[in-house]
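Going line by line, the protein sequences match chains A and B.
Mapping to the working numbering: the first sequence position 97 is 97, numbers consecutive.
Count along the second sequence starting at 1, add 1000, and that's the number in the working numbering.
If you're looking for bench data, these hints aren't it; they were derived computationally from the structure.
Note that this is a predicted model, so its numbers are computed, not measured.
Ideal Cβ positions, reconstructed from N, Cα and C, are used throughout, including at glycine.
Watch out, some of these pointers could steer you wrong.
[What the hints assert, rightly or not] Think about it this way: if two alpha-carbon atoms lie no more than 25 Å apart in a straight line, the pair counts; the simulated SDA-like pairs of lysine to any residue are:
| id | chain 1 | residue 1 | chain 2 | residue 2 |
| --- | --- | --- | --- | --- |
| 1 | A | K60 | A | G78 |
| 2 | B | K1057 | A | D55 |
| 3 | B | K1057 | A | S79 |
[To be verified] Pairwise CB distance ranges (calculated):
| id | chain 1 | residue 1 | chain 2 | residue 2 | range |
| --- | --- | --- | --- | --- | --- |
| 4 | A | S107 | B | S1096 | 27 to 37 Å |
| 5 | A | K52 | B | T1015 | 46 to 56 Å |
| 6 | B | E1079 | A | S83 | 38 to 48 Å |
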Amino acid sequence: GNSVTQMEGPVTLSEEAFLTINCTYTATGYPSLFWYVQYPGEGLQLLLKATKADDKGSNKGFEATYRKETTSFHLEKGSVQVSDSAVYFCALSDQSGNQFYFGTGTSLTVIP
Amino acid sequence: DAGITQSPRHKVTETGTPVTLRCHQTENHRYMYWYRQDPGHGLRLIHYSYGVKDTDKGEVSDGYSVSRSKTEDFLLTLESATSSQTSVYFCAISESGSLDTQYFGPGTRLTVL
């Protein structure tokens, strides 16, 4: 079946530090991969996505590359800011159906 | 921001009572989804709809039913609420299904005592 595994949180970083949040997936076929972000008290918002192998999604300084050989979609940012504090969710879409599968989320806190 | 509203935003109810949550969209998107969010589980799909009167189950559908009589409204019903259904419920919409971006509503916090 389809599933997404994210690194456990919470993650605490100092401002301007490098961020990596690991995400690996299990899926049949060729899923699309997504990173969503949830700020306190809000719903999820799309951060970036990639629809095929070797695609790189990017937005607001965040990047993730769709690696089919390692079934991974790790999120990275070179220099985090306090405003990046949020919960980050990795997700995949079911190619053959209409369903999304989310990871458990990784909480990030950035301190000044 | 995508036009998605959820009502109510907060609800406290007692075990055994029926509860209906409403999701309303103004984007005319074909697909609508209901998720629940729980610590340690992330988001899990309850039910989804791919058109008026067309719905299907997600991975945690037991104890829930849905209805979609109009494009803009998707209702989630707990026929007889249990404490295990205490959660935050999110509605989402997308234009063309699984390969498309999902847009999420603000959530409904439901407490079942």
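Now for the hints, and whether the structure bears them out:
Only pairs whose Cα atoms come within 25 Å are accepted, and A:K60 paired with A:G78 is accepted, the gap being roughly 11 Å. Between B:K1057 and A:D55 the alpha-carbon distance is near 31 Å, which puts this suggested pair outside the 25 Å criterion. Using a Cα cut-off of 25 Å, the hinted pair B:K1057 and A:S79 is violated, with the two alpha carbons roughly 41 Å apart. Hint check: A:S107 to B:S1096, Cβ distance near 31 Å, so the stated range 27 to 37 Å holds.
Restraint check, A:K52 to B:T1015: a C-beta distance of roughly 47 Å satisfies the suggested window 46 to 56 Å. A hinted range of 38 to 48 Å holds for the C-beta pair B:E1079 and A:S83, which are about 42 Å apart.
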